[in-house]
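Respectively, the protein sequence lines represent chains Y and R. As numbered in the working numbering, the first sequence has no gaps in its residue numbers, which increase by one up to the final residue, 292. As numbered in the working numbering, the second sequence has no gaps in its residue numbers, which increase by one up to the final residue, 1840.
To be clear, the hints were calculated from the coordinates, so they are not data collected in a lab. Check before you lean on any hint, since a few could be wrong.
[To be verified] Taking lysine-lysine pairs in the PhoX-like style, the calculated list, with each CA pair at most 25 Å apart, reads:
| no. | chain 1 | residue 1 | chain 2 | residue 2 |
| --- | --- | --- | --- | --- |
| 1 | R | 1376 | R | 1135 |
| 2 | Y | 179 | Y | 165 |
| 3 | R | 1835 | Y | 279 |
| 4 | Y | 281 | R | 1135 |
| 5 | R | 1376 | Y | 165 |
[Claimed, not checked] Chain R stretches covered by chain Y per the calculated footprint, using a threshold of three residues with CB under 8 Å from any CB of chain Y:
| no. | segment |
| --- | --- |
| 6 | 1134-1148 |
| 7 | 1303-1315 |
All residues carry an ideal CB built from backbone N, CA and C; glycine is no exception.
Here are the chains, one letter per residue:
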Amino acid sequence: MIYDIRHVTTYGYESPVSFARCTLRLEPRSGAGQRLLSHHVEIRPRTAERHSRRDFFGIFTESLVIDTPHRNLRIDSRSRVAVDRRAPGRTAPSPAWDEVRDEALAVTSLGPASPVSYVFASALVPVSSPVTAYAALSFPPGVGVLVGAVDLMHRIRSEFKYDPKATVISTPLREVFEKRHGVCQDFAHVMIAGLRGLGLPAAYVSGYLRTIPPPGRERLQGADATHAWVSLWCGDELGWIGFDPTNDLLVENDHIILGVGRDFADVSPVDGIIVGSPKQKLGVAVDVVVVE
Amino acid sequence: MVDSNGQEASPGGGNRPRPAQRRAAQWVRDYARLPGIPDEYIGEDGPRAVWTRFFDAFASLSPADIERRFGAADRHLKEAGVTYRAPGESADRHWALSHLPLLIGESDWQQLSSGIAQRAQLLEMVLRDLYGEGKLIADGAIPAAAIAGSNEYLRQVCGIRPPGGRYLSLYAADVGRGPDGRWWVLGDRTQAPSGAGYALENRLVLSRAFASLYKSMNVERVAPFFEAFRDGLRGSADRDEPRIGVLTPGSFSETYFEHATLARYLGFLLVEGDDLAVSGGRVHIRTVAGLKRLDVLLRRVDSNSLDPLELDASSHLGVPGLIDVLRKDGVVVANMPGSGVLEARALLGFLPSLCRRLLGENLMMPHIATWWCGQKAAREAVLSRLDDVAIEGAYGRGVPGFESDGPVLASELSRADRERLVAAIEERGIDFVGQELVRLSTTPVWDQGRIVPRPFVLRVFAAATPQGWTIMPGGFCRIAEQLDARAVSMGGGARAADVWVVSDKAVSTHTLLPGTDTVRIRRIAGVLPSRAADNLFWLGRYLERAEATLRLVRTLGTQQRDPGKGSSSLQHAAERIQRMLVTWGAVTQLSRSQPAKVAAEALQAEERFGSCLSLVRSAQRTATSLRERLSPDAWQVITEMTARLAEEVEDDDGIVSAAELTLQELASFAGLAQENMNRAAGWRFLEMGRRAERAINTTRFARQFAYDEATDEDLDVLLTLVDCQITYRSRYLVAPSLAPVRDLAVLDPYNPRSVAFQVQALTEHIASLPALRESGLIERPQRLAVAVQSMLATAEAGALDTKTLFALEQDLLNLADAIGLRYFPHGPNASRPEKLTGLA
């Protein structure tokens, strides 16, 4: 499957902004079942500095500085990506979850793909006993890690309410968990917190969903914005597998990966600091078109 | 009460008075060591030699003399404003100093310091590998999880070569003496160790209070350590005369006093994140002369708060883009961000084998036995002897799931909590360590004429230099009031003590004053950060406004105290004064129904922002942020003035004399500034604040009391308010008359209290400050100042009616604002960086 993705981010400011320093993580990665064919980002107004590098998590990161006063910032990103990914069945055999937990700790690497980097609390995902206890219901002793995670994903999908107005980016996980509502990002964070509480390595994935569903299938939640889901390490043999708790789906060809990190803070597509207007209006438009 | 001569007898002198021997003997008899716990003073074989030497000399001081010296030490600490702030508190606490030093003999110290130097080197090499090649993890010498669990392991700095070539510039270890008599490491401080500045202050105080005792004991000096530290930081920069800043979280930080002390002592700039800006791959400091490059940052801000762009996005303490500057080798940050990862207790158990591997030698100093529960064998060992260990978090402060900040002792838990703890360790052992419970040695503490043993923790400091690690001879000692020494922190009601490393032979005396042949002559001291300029300007304004308000209060109080001459025009003048006090926020409109209370309220009401007390408090608060720039004398004047003004006064007489006393103190502060402050930009901003405020207030006085129909009493009040009674009388020999009084108060450029004089001074100051424009066009503050000056130079007294004076007042207010906008661009009016928001 080949996709054309257009991702436009706009900021409108009430008063002129004299200086902006931004970080962009907008280039879909190659690997994990997908290949980047082309990518281009256009920025208005003109940038004074612009340079790029790969960060620790392997994400292509652009840093830019704008030092002319402006009231609007527009970041227009276009990518073409080929996706070919197969997920195991929902009930496929897998190693017992507690074995996976112990196996993860024995890995001798701190790299971005090492499960060890994803078993601890991170900036936006605290590990807390209520969330761990919630997750533990899906993981009786000895149950397969895949089966347990599918069950947890299914429970989040059925017990939490999808509500785009309920949360903002700063809503703490505790509140999301207590009120049982939120958006894709919140569901991903809750599932990650539960898995990590049990000692299982869980990563946060940002990306896109195909906008128009194949004939006869329902339109998925979160298709017009950027999407987020969970990647769980299921032992050395199975490796990392994607779980989308917002849609109760194992990740296959409808998902396009942008970046993988410990939580949203590691992969936020557009991030930055401005000097000037405290009041701002953000607009995000995402369009995912199937090319072939 | 004091000994007749007030002198200390020389120790070891032949004719020691008998009472001294008796006292010393009594101390030893009364000193009850705690059973089973080693003591610094009295060992297995009786008292140790260094301590005996000390107490012999100490006993030769009379009890009264000892108390007097202790009192002097406490007073000095208070006057110097040595403070710290306990977490969660908003007020500063004064420093509690244990009056007896901790003594450490030379050979004992040698062992301790070589152990610390070895450890510092080992930790430096571990950091180099962790953030570089990563061999230690790949080979399994350190379990990956023992690192990954620390939020101080910064993935953002992986692969960056630390500018300046090293991770650790300052390292500290908390140590205590274990039951076997050896020094043990209790914990490592690799992030941004605090306490060195307090150690310095403790030393200054105690060595002054017991000058000859200190000299006779051959105590190793600490100054060479600070010198080596400073030279090490200088050497890490890539130019000859580097600009170095101490990065502080600000005056709300627990240890702000220490940051200011270190900045002043080492000659560094004290800076906050807002003072710094990143451009062109470098870090710059905002100064009154524009952006200036900063070469080295000694940080007292934790790693995660350093850069909101790449690290904790909610931090307001850091500098956006700082990590990227590190990537470009543009600034040295000491210690390197991410160094704090080695504070994790999970790592302690792996250090002996790491030492053999990296240094090829055995670890010299033992540390407190620690088992990381992330490993099966260790976890089982801890669970099997749960009552014999303390449970701690593996990475940071506190035990996950338990509220206390310190260790959890299973033996003190309820049954339910104990089960919860065991379950948590079994589930996520990676988050916990068990540490052996040890009783640390005790040291003598003075307690109302006796000495008693108390446990302590000693923090030892190591500084990196091109020649290797230098250890501060001494350190920061905290003494516990309770018997478990590991709970010691300054917040917990503990006392600090000076630490004397006692040499057998005379020591070289050393200060930080450099030798003349090594220093390049420079007449202006460094750059002036905009924030400091802003604070100095406002310090000047607050003090001057306090002075003007005090003059109003004094005039009012004098009239009330000496009634009788109660003519109606005098009453009228008094009402005008009251009206001004209302306008200035010193009293409420309501209070005017009770004229007798107006003066008292304007003097002391805490709840009135314009009262004299509130104004001097504002001045003190502003001065707090300028600690490194004010002389101790100047600071003391402000502190005393504020304290005294808060004392309640009884009657009109008391009000008048309180106002007069405070006016004298303000004059002495002004005198100190005039005589002692370097005539660099900093002095100019203090002066400008004072001049601008005085010009504004004098114009207001003139408008109120020299209006076209002003009475003799009005003019008399004006002459008093602007302190010109004598000048006027010597010049005119007649009763006050309108035009001459106006001329004297507003236009006379030779009268140091006239408006014209202030404006002339302002114009001169502005002209001598650096210009930012390259176009050569005149800047706004200068344009406004010159305009007002020429208006005053050409005006005639007869034409200075109320309307003209009001216009003049507006011009002066605009001038003050223009100065703020030009020189303090990130002041309260400026826009702060905002975070881009939204789920994009």
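To see whether the hints hold, each was checked on the structure:
no.: 1; hint: 1376/R to 1135/R; in the structure: holds, 23 Å
no.: 2; hint: 179/Y to 165/Y; in the structure: holds, 13 Å
no.: 3; hint: 1835/R to 279/Y; in the structure: holds, 11 Å
no.: 4; hint: 281/Y to 1135/R; in the structure: violated, 47 Å
no.: 5; hint: 1376/R to 165/Y; in the structure: violated, 46 Å
no.: 6; hint: 1134-1148; in the structure: holds (count 10)
no.: 7; hint: 1303-1315; in the structure: holds (count 5)
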